[in-house]
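S.K.: Okay, here's what each chain looks like letter by letter:
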Amino acid sequence: MSILTTHQLSIGYSKNRKTVPVQTSLDLELKAGELVCLIGPNGSGKSTLLRTMGGLQQSIAGLVSIDGQDIASFTHLERAMQIALVLTERVEVENATVYQIVALGRHPHNNWWGSMDEDSDGLVRKALKMVHLEHKIDSPLNELSDGERQRAMIAKALAQDTPIILLDEPTAHLDLPNRVEIMLLLHKLAHETQKSILLSTHELDLALQAADRIWLMSVDQGVVCGVPEDLVFNGSFNRAFQSKAFVFNAANGNFSMNYPMSKSVSVFGDKTRMYWTLRALARAGFSVEQDAGVIIEVTEKDWRMQAESYQSIEDLLAALNLKY
Amino acid sequence: MNQNQENTIKKFSFNARFWKFSTLSVLCLMLFLVDLAWGSISISMKEILNVFFGNRGSEINTEILLNFRLPKAITAILAGASLSVAGLLMQTLFRNSLADPYLLGISSGASLGVALMMMASTILPISLVCSGWSLIVSAIVGASVVLLLVVAVSFKVNNAVSLLIVGLMFGTIAGSLVGVLQIFSTPDTVKLFVMWTFGSLSAVTWKYMQVLLPVVLFGLGLAFYLQKKLDGLLLGENYARGLGISIVNTRFFIVLATGVLAGGVTAFTGPIAFVGVAIPHIARGLFRTAIHKILLPACVLLGATLLLLCDIITQIPTYTLPINTISALFGAPIIIWIVLKRR
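Chains as they are written, first to last, in the numbering used here: chain B, 189 to 512; chain R, 35 to 377.
Hints are computed from structural coordinates only; laboratory data are not their basis.
Predicted, not measured: the structure shown is a model, and the values here were computed from it.
Some hints here could point you the wrong way.
Computed footprint of chain R on chain B; a stretch qualifies when at least three of its residues, placed anywhere within it, have a C-beta under 8 Å from a C-beta of chain R [unchecked claim]:
id	stretch
1	242–249
2	271–281
3	288–295
4	298–312
Calculated pairs, BS3-like style, for lysine-lysine (alpha carbon to alpha carbon, straight line, at most 25 Å) [unchecked claim]:
id	chain 1	residue 1	chain 2	residue 2
5	B	Lys376	B	Lys317
6	R	Lys327	R	Lys54
7	R	Lys225	R	Lys106
8	R	Lys106	B	Lys206
9	B	Lys324	B	Lys219
10	B	Lys459	B	Lys376
11	B	Lys203	R	Lys190
12	R	Lys327	B	Lys324
13	B	Lys451	B	Lys376
The beta-carbon is built from N, C-alpha and C at its ideal position, and this holds for glycine as well.
Just chain R, with the same shape it has in the complex (with noise of 0.2 Å):
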């Protein structure tokens, strides 16, 4: 092959990422367009441009648009975002496609801050517990304790595989701790506490924009900041090593990302599953590389889009499904596919 080939070549194929980048943008502004007009009052492409114009439609279109459906679509790009790039980050971790967040625990260790914090409704006074802060309060603190317990366990454990065999272990003891607590919870506790199981977008006000939005944003920039070392740990720990990558401080990091990226957004969402198994698995194949630079905007897009449409799928007109149920329904099939694959 001379010199011009190669270029040529090389060219190629850096436009067609720059093309699918592109495209991928575009589908996802599209989608977030879509997302703000579709709901059980729908409101026109018009109306939405005059009122991010400053030109005011009528008063009760623009109070839904700016403050249920603007902060929700946001929010379904940063959830989107924030467990795709979880999920690539467990993957490449544990050199394992099938690994995500959730075998590490930390849903489960949400779910029972949570599930700790609506038991002790029935002692707190009822304004405290119905704060909606105290929720998430407890939901991160309940991600960050088995996160601090796995991550304590990657110093003493030097091989992958046991450590994510520890997570599950955490992740299974985090769960049938809830069981346990449901057992002695009042029914509207367990109702309480079952909503939140489902996910929704829509908890995310203003106001608690301003704790997820930066707790996403330095989730991300985390990752970013690793993703010379996640390239050679593609190797192996051995040879990530031999490459001169410290194993300790990088898996350190890697899972202090993961934990804000995935405890952040479960904490205001709710248990969202599958996306991080799903999202690096169509990088990769529609991007065909392994190299994290690319994977990484790549996840995040993905994500973003993806979500965006469950969002839109959930507004169906006069029910409101669960996102948890449709982003199930895309992922599950995925992870069969995967499966059925490797054989």
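Same shape as in the complex, but just chain B (with noise of 0.2 Å):
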């Protein structure tokens, strides 16, 4: 069941009063229960598109519909109840509790005093669970790190309670672990809860690890959608990030460098020790050819190179550069 979809949605912003489009004819599907990653180089409409989605800027043209009923129609608090954001911009405000600011997404709910009932209180205290942030929960929102800030505001998009959740680069300015948490966080949500959890992001492995489907943006050729997997093998990534200094690399999911190649040695031996052996010797501009005139061989203690042995690639590296 897909529960946001855009028709032939143009985004973009005016300058000038000119419009400038971004991204044009955008046909998009969020289904429930799935984490859609949005990837792509920056200025190809991320965030504009998220943006858009959650009604805080107009599109230029067609449109996002929820439910088939388009969103331009919803008044403010009726596109609350469906769409909750996480944004880039810091919350910062003074004197307030975590539970303060948590509450504050159970507003579009409430009445006009704003007064917790037990099921507000309880849906707060679960979603702050659920960020594993409970023990903060009358901390100072000034006081908490910033992985823990970032929760706390997943924590009020969950006491949202909508069926769709917009995350403009959650795992912005974290650290790897805390990146890696959000992430496994937000999939497991979207699974357990049935929402369904777009975010924009530049972790691309993180992105093809947790991501049930990936929606590659790329400057010119607009949005891709898919599975991670059938992306790789289709050589979407390639295409969506064009460069010369690096390459996609398939068989890893990551981004290689292109490194000046000039000179070749031939290698054989341990698997494990291999992979890390080549990233150095394509780093110090050696390139591996089957019938090079040096041959390397990496065991599982060293690295035997014309009857001799080296005991770490700092001295293998070094022996190379001076026959060269």
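Need the complex rebuilt from these two chains, each delivered in its own frame; the hints are there to steer you.
M.R.: The structure is reproduced here in structure tokens:
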């Protein structure tokens, strides 16, 4: 079942009374219970798409609909019942506790006074538990780390209790453990709560692992959608991130740098150590060929080259550089 | 943490809040009575109570109490509450703890209105100019015109900081026009105008109170009506939109409430600076919260208390000091403290 769809959607911004389209004619669909990662180079329009879907800015043409209903026809409140947002802007509120901030997520649901009944209170506490922040419930927001603050904003979106959550770069400015944790959390949430979760990110490897589906955005080729592995196989990644300096390595889902390689060696031996040896050789400018003049054997303990044994890659590279 | 402990903590914070509000209310009431008793002629508490309960005391003291000190004390309460709440509204709207009604150019607008009226006094019949009402009307008109300009810009400018700068510029323009007008004024007019800018709570007689009171109550009511939306705005405009808050509407009502509160009070008492910046800070620090259903009544009570205190201090024997100078002595150090705290 798809919840949120776009039909011939064109997005962009207006500058000096002219509209500058960033992406045109997008037909996308977001399904329930799926984590979708929106990736693409800077300037391809990731934030603009999220902001347009979230109703923060207007589309240039086409429409965004939820369950077949155009969101432009929604009132502010109706939209807030459907879509919760987590944005990149840093939230600074003096003297507010984590609970108070997360409780703001209940605003579309509660009355004028903003009173929290037992259900609302329960939802806020549950949301905080889901993001593992229940021990900070009464801490001031200013005292949280960046990762905790981001989790608090995700908890706010969860407390809003909407079928759709849109997150703009939720893992930016976080360290690796926090990035992984937030991705895992969002993946789990999508599957356990049947919410549709769409997030934009620059973390390609994390997105490839966690996303059920990827929306790959490129500057001039629109958006390609698919299961991550399919996009790897059909070369979409390479097309989206075209560059002379690096290449998308389909073998490990990373970007590899294109080093200028003028010298060649041939290498064989232990599998694990081989991977790292090749990396070091590539960086030093050695391409690996079948019948090169110099042969390196990688064993479990050392590296052998022309009957000499080297105990570290540093030694090996030093010896190689002497030869050439 | 188990449920019991949580409940205890909740109860404790509720109780602490209750006691703070009670203490403030009692303090405010006490200062109100002191303000009535204190002055160039001191009136005893017994006499004050006598007058209130219908037993007439000495003719002259009753007159001073009912027709001078009572409206002045009530004005202090209304002005303190209004300026503080207006300051809180601005700080939330601009998400800037140094924002206040003066930054929107409201008081400069009022000054311009008053200056224009006083300039006109050379042309208009003297009876009209000296009625006092013309002073008030011109100040309100001046404040409202600047405010309407800011409101109009708020529909165009999507960004709170830009709006703040536009407000500052409007204020600067109004202030400069006042400066130009003063050059062309007679010394008497300038003196009259300078006296008004010092601010005075005693300008409000019962007749003016009939206007001031409903204006202030309307503004405060509007602010309380907005409390939930103000909470949402704490997260910033985009997050607030995501919570289903209409930014354009909310911003309009916040500006309207601020204009009515700050413009109205300024018209009657002259500009009273720094209350709008200082009190919301004290309220946040004292109640350790950012939630407006607590901060709004806290600002009302704290603002009233501070202005009563300022008024008592101005009534030192033999001289009467302008209230603006006393409020600045309280407020300016608080602003310095805020800046230092932010590094």
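S.K.: Would the pair R:Lys327 and R:Lys54 pass a check requiring their Cα atoms to be no farther apart than 25 Å?
M.R.: The hint holds at about 15 Å.
S.K.: Quickly compare the C-alpha distance for B:Lys203 and R:Lys190 to 25 Å and report which way the hint goes.
M.R.: Status holds; Cα separation ~14 Å.
S.K.: Tell me whether the statement that chain R covers the stretch 271–281 of chain B is true, taking a Cβ distance below 8 Å and needing three residues at minimum.
M.R.: holds (count 8)
S.K.: Keeping to a limit of 25 Å between CA atoms, is the pair of B:Lys324 and B:Lys219 held or broken?
M.R.: violated (33 Å)
S.K.: Between R:Lys327 and B:Lys324, is the straight-line Cα distance small enough, at 25 Å or below?
M.R.: holds (23 Å)
S.K.: Confirm or reject the coverage of the stretch 298–312 of chain B by chain R under the rule of 3 or more residues with a beta carbon closer than 8 Å to the chain's beta carbons.
M.R.: It holds, with 3 qualifying residues against the three required.
S.K.: Is R:Lys225 within 25 Å of R:Lys106, Cα to Cα?
M.R.: This hinted pair holds, its Cα atoms lying about 23 Å apart.
S.K.: Holds or violated: B:Lys459 with B:Lys376, Cα cutoff 25 Å?
M.R.: violated (34 Å)
S.K.: Mind taking a look at whether chain R covers the stretch 242–249 of chain B? Criterion is 3 or more residues with CB to CB distance under 8 Å.
M.R.: This one holds; 3 residues, not fewer than the three required, reach chain R with a Cβ under 8 Å.
S.K.: Given the hinted pair B:Lys376 and B:Lys317, is their Cα-Cα distance within 25 Å?
M.R.: With a Cα-Cα distance of about 13 Å, the restraint between B:Lys376 and B:Lys317 holds, given a limit of 25 Å.
S.K.: Is B:Lys451 close enough to B:Lys376, meaning Cα to Cα at most 25 Å?
M.R.: Since the Cα atoms of B:Lys451 and B:Lys376 sit roughly 48 Å apart, the hinted pair is violated (cutoff 25 Å).
S.K.: Decide if the proposed pair is consistent with the structure: R:Lys106 and B:Lys206, CA atoms, cutoff 25 Å inclusive.
M.R.: This hinted pair is violated, its Cα atoms lying about 57 Å apart.
In this structure, the hints that do not hold are numbers 8, 9, 10 and 13, in rising order.
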